[in-house]
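**Q** Sequence:
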Amino acid sequence: SISSKCMASIQELLTSEASYTESLKVLLEKYYKPLRQQQFKLKPILFETEIDQIFLNVEDLLIIADQLRQELDDKIKEDPNIPRIGAVMVRMAPMLKFYEKYAANFSKASSMLQQLREQKPNFQSFLEEVRRDSPPTLTLESYLIMPVQRIPRYKLLLEEILKHADPAFPDAGAINTALTLVSERAVQCNEATRSAQNMEALRRIQNSLQAVEVASEERSVLCEGALHRVRSRRGDKVRCTFYLFTDALLIAESSSIGGIPIPRSEE
879 SISSKCMASI
889 QELLTSEASY
899 TESLKVLLEK
909 YYKPLRQQQF
919 KLKPILFETE
929 IDQIFLNVED
939 LLIIADQLRQ
949 ELDDKIKEDP
959 NIPRIGAVMV
969 RMAPMLKFYE
979 KYAANFSKAS
989 SMLQQLREQK
999 PNFQSFLEEV
1009 RRDSPPTLTL
1019 ESYLIMPVQR
1029 IPRYKLLLEE
1039 ILKHADPAFP
1049 DAGAINTALT
1059 LVSERAVQCN
1069 EATRSAQNME
1079 ALRRIQNSLQ
1089 AVEVASEERS
1099 VLCEGALHRV
1109 RSRRGDKVRC
1119 TFYLFTDALL
1129 IAESSSIGGI
1139 PIPRSEE
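Residues in the sequence shown are numbered from 879 upward in steps of one, following my numbering.
Everything labelled a hint here was simulated from the structure, so no lab data went into it. One or more of the hints may lead you astray.
[As the list claims (entries may be wrong)] Label-pair ranges, simulated between beta-carbon atoms:
1) Gln1002 with Thr893: 51 to 61 Å
2) Pro912 with Asn1054: 36 to 46 Å
3) Ile941 with Gly1103: 43 to 53 Å
4) Gly1103 with Asp951: 46 to 56 Å
5) Asn959 with Cys1101: 48 to 58 Å
6) Thr893 with Thr1055: 20 to 30 Å
Just so it is clear, CB atoms sit at the ideal spot from N, CA and C, and this is done for glycine as well.
Could you build all of it, start to finish, from the sequences and the hints given here?
**A** What follows is the structure, given as structure tokens:
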């Protein structure tokens, strides 16, 4: 047998996966499917492209989570004294790549969700109605962030299992391998998120500086802010916005022609 703390950590992995799976089911049943059913009506709550942007591949994530929950449950029932769950986690690790796509899209999806709340009263009413249902549900935002938090949670739970495992714990090798794979996937998810957020920032800057090409996969935004630039010997100051990239400094000065702000930019 194994220590009670180690067993409790293994059980927590299963319990949390079951809870996570149920949450994804609620997300799909209460929010996603009703919106899908409405999308082809004359006046849909949300259009198909908006639904795709918000929920992305959450259906795939539910399939993965439910399969993992079932396999963990089977292993614990197979040998309640020394459950060998390491191989299950190793086998499932490659499937966690689907979380990268979701994580990379999350910031954009959150921004769109906020905009739709403000721009579409019928969507806001739909969200409020869902929350009033019995049993009451969490907010849509609360469900959507769960997949982003899941891989770090796997990492933490695997670390807890190893922390409380005896030196002779027979599954330690497999769980160590699983921890390495999950940790690598967590890093890749973080990198995908940062890359997506950077491209989103570059596009936003690009839209505000129509005459200057700034969007590039090799370029990152380090910081941006306001400053005053002295334009003449008299010391006249003009308010500007600066953008510091990994390869350039851009200063945009706003003037007005016909009442339309025209950014003047230089590298």
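**Q** Run every hint past the structure and note whether it holds.
**A** Verification of the supplied hints:
In this structure the hint that glutamine 1002 and threonine 893 lie 51 to 61 Å apart at CB is violated, the actual value being about 34 Å. Take proline 912 and asparagine 1054: their Cβ atoms lie about 44 Å apart, and the range 36 to 46 Å holds. Between isoleucine 941 and glycine 1103 the C-beta distance comes to about 44 Å, which sits within the given range of 43 to 53 Å. Between glycine 1103 and aspartate 951 the beta carbons are some 52 Å apart, a value that agrees with the proposed interval 46 to 56 Å.
A hinted range of 48 to 58 Å holds for the C-beta pair asparagine 959 and cysteine 1101, which are about 55 Å apart. Between threonine 893 and threonine 1055 the Cβ separation comes to about 23 Å, which falls inside the hinted range of 20 to 30 Å.
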